[in-house]
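Spelled out, the chains give:
2 protein chains.
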Amino acid sequence: MKTTAEYGTEIESALRSLDLPGGKLSTLYGPVAYGLSAGGKRIRPVLTLMGADAFGKSHAEAIIPAIGIETFHNFTLLHDDVMDKSDMRRGRPTVHKKYDENTAILSGDTMLTLATKYVSAVEDDKLRKVMDTFNDMALRVYEGQRLDMDFETSGDISVAEYLEMIEGKTGALLGAAVKIGAIIGNASDKDAELMYEFGVMTGLAFQIQDDWLDTFGDSTTFGKPIGGDILNAKKTYLYVAALAEGGQTAEALKTAFNIPAGDMRIKTVTRLYEKLGMKDKCSKAVGYYSAQALKALNATSLGEQEKDAFRKLAEKLIGRKK
Amino acid sequence: MKTTAEYGTEIESALRSLDLPGGKLSTLYGPVAYGLSAGGKRIRPVLTLMGADAFGKSHAEAIIPAIGIETFHNFTLLHDDVMDKSDMRRGRPTVHKKYDENTAILSGDTMLTLATKYVSAVEDDKLRKVMDTFNDMALRVYEGQRLDMDFETSGDISVAEYLEMIEGKTGALLGAAVKIGAIIGNASDKDAELMYEFGVMTGLAFQIQDDWLDTFGDSTTFGKPIGGDILNAKKTYLYVAALAEGGQTAEALKTAFNIPAGDMRIKTVTRLYEKLGMKDKCSKAVGYYSAQALKALNATSLGEQEKDAFRKLAEKLIGRKK
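Just so you know, the sequences run in chain order A and B.
Numbering-wise, the first sequence is residues 1 to 322 according to our numbering.
Numbering-wise, the second sequence is residues 1 to 322 according to our numbering.
Same shape as in the complex, but just chain A (with noise of 0.2 angstroms):
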């Protein structure tokens, strides 16, 4: 196994040398490019490289599908700031405000159908099982999405909603990459079903360790300002817990989120938070669903060394402060 930071350079390397269309379609390849030249962690495709090794395959038959699981993420990122009315992304103006909305959406929709290429770079006698993990991937995240849009205009969410949103929205691309990545490495059907569990508990523990952060964060490690979600009504784990909780501190929650967005509003609703104890149960929570990934790790037929990579790996996703 290598470290995650080789496995991001061959990622970056092989990012650099596709070879897309350019003269006169660059008015659509263009922008394709411009999205997976954003930079980032590459989590997702180091996962795919990753599951190659760790079950015995080299990860260099892995490079083109992780490059596919990669583009698969940008294209969700692409459509969703559309959705979103984005304007900046990684310090950079996003596709539609650097081109325009009609370029994000046809060059969002090349970048899905470049993925599901990418991704089918397999050998024969596994092309079946990658591509229905990646289709039924995608709905979920799809599913995901919707449901985070619903929510901004329903009532109450419970807290099994709020989980099944972010287990689509954040833990199934997860949960895919490093699956697809056994499956090249020719894991059983069970360890390539753990390793997806793994990778879907690691995506709802570093979700919620986000929302913690973008509450009780630090805003120069978090790297960004500190209270967007409250500014933003937007309803996290924090908030849906709170709620749960019900009684009279959950109807002051609602009413704190009717304050104008300001500096009042983040600091009342922060302290409502913590009245509810839920500074604490939101570590916990993050520490529960680490614990069922490193669980569904542990039940895998890897070696120790194979699983502390993976370990490690989780451990620097859900422990980031960033």
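Hints may be right or wrong, so weigh each one.
Intra- or inter-copy, both count: the list cannot distinguish identical chains.
Below, a list of computed lysine-lysine pairs in the DSS-like style, where the Cα atoms sit at most 25 angstroms apart [claimed, not checked]:
1) Lys234 with Lys24
2) Lys279 with Lys316
3) Lys129 with Lys117
4) Lys2 with Lys41
5) Lys234 with Lys85
6) Lys24 with Lys254
7) Lys117 with Lys284
8) Lys97 with Lys85
9) Lys281 with Lys312
Just so you know, these hints were derived from the structure itself, not from any lab.
We have chain A; now place chain B onto it with these hints.
Using the frame of chain A, we list chain B on its own:
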């Protein structure tokens, strides 16, 4: 072989029995079902069924992939309507009007993945060829759509560029629809390629005929007002072929496109098209691509009865008055 009407009935029946998730996910899949229920000729999936039957497998084996082809077609209509800001399609509000734009984007993405999933419902030993055909076709379609968008703001378009655009936007899907049916039917690689060529050339003839009808057709049989392309200053076959003539009349045509959109522009441009012999030239182009389609069909190993079924379909499609 069955009649196209019989194949069409099977497609409608299969579409009606699609088991899309409901409940709280109906906000995602409801618009998908709405998009698929718009009706239309179902030419593309009928071609898939015919391909399977003609080459010796029962069309029953091709029914789910055929639904995938139709789902892909409707996905492109859905996103195109967002990009074109079209409010109506087949006498009903478009998805982004009935719901909203974000719904159209996300449910469109869902349709593309569903299409990929349905198309992959083939025997394992055909999966690679079918998926490659499907993904390559999808990229051609996006490229065609992109060229079409770019033509709106670019200067002179050559006839070759126009043909490249409609080969992507209209031809590739008809070609892939029948080719995937042929692959399912165990056609040889050569026959599958010839059927692709048959579909593409039929698509070119169809599109050029559509351009002709929009200017020289009869509004009662064409089903929409005559002159729409001229009012929208669309760069149709008539326009690009007229410009290729060069000289003063071609210059006059450019000027005529600047007349305020109305009857006067329609009359002036139509007269110039006639003066440049476009009514006849366009008909000849339709005849040429129809002949190319038949040439490819005739070169296959199919029997006369099967060839005749495809000939009739092409004739019906191209010879249509609406």
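Checked hints:
| no. | hint | result |
| --- | --- | --- |
| 1 | Lys234 with Lys24 | between (42 angstroms within a copy, 19 angstroms between copies) |
| 2 | Lys279 with Lys316 | within (21 angstroms within a copy, 68 angstroms between copies) |
| 3 | Lys129 with Lys117 | both (15 angstroms within a copy, 12 angstroms between copies) |
| 4 | Lys2 with Lys41 | within (16 angstroms within a copy, 55 angstroms between copies) |
| 5 | Lys234 with Lys85 | within (15 angstroms within a copy, 30 angstroms between copies) |
| 6 | Lys24 with Lys254 | between (53 angstroms within a copy, 23 angstroms between copies) |
| 7 | Lys117 with Lys284 | neither (40 angstroms within a copy, 38 angstroms between copies) |
| 8 | Lys97 with Lys85 | both (9 angstroms within a copy, 19 angstroms between copies) |
| 9 | Lys281 with Lys312 | within (24 angstroms within a copy, 69 angstroms between copies) |
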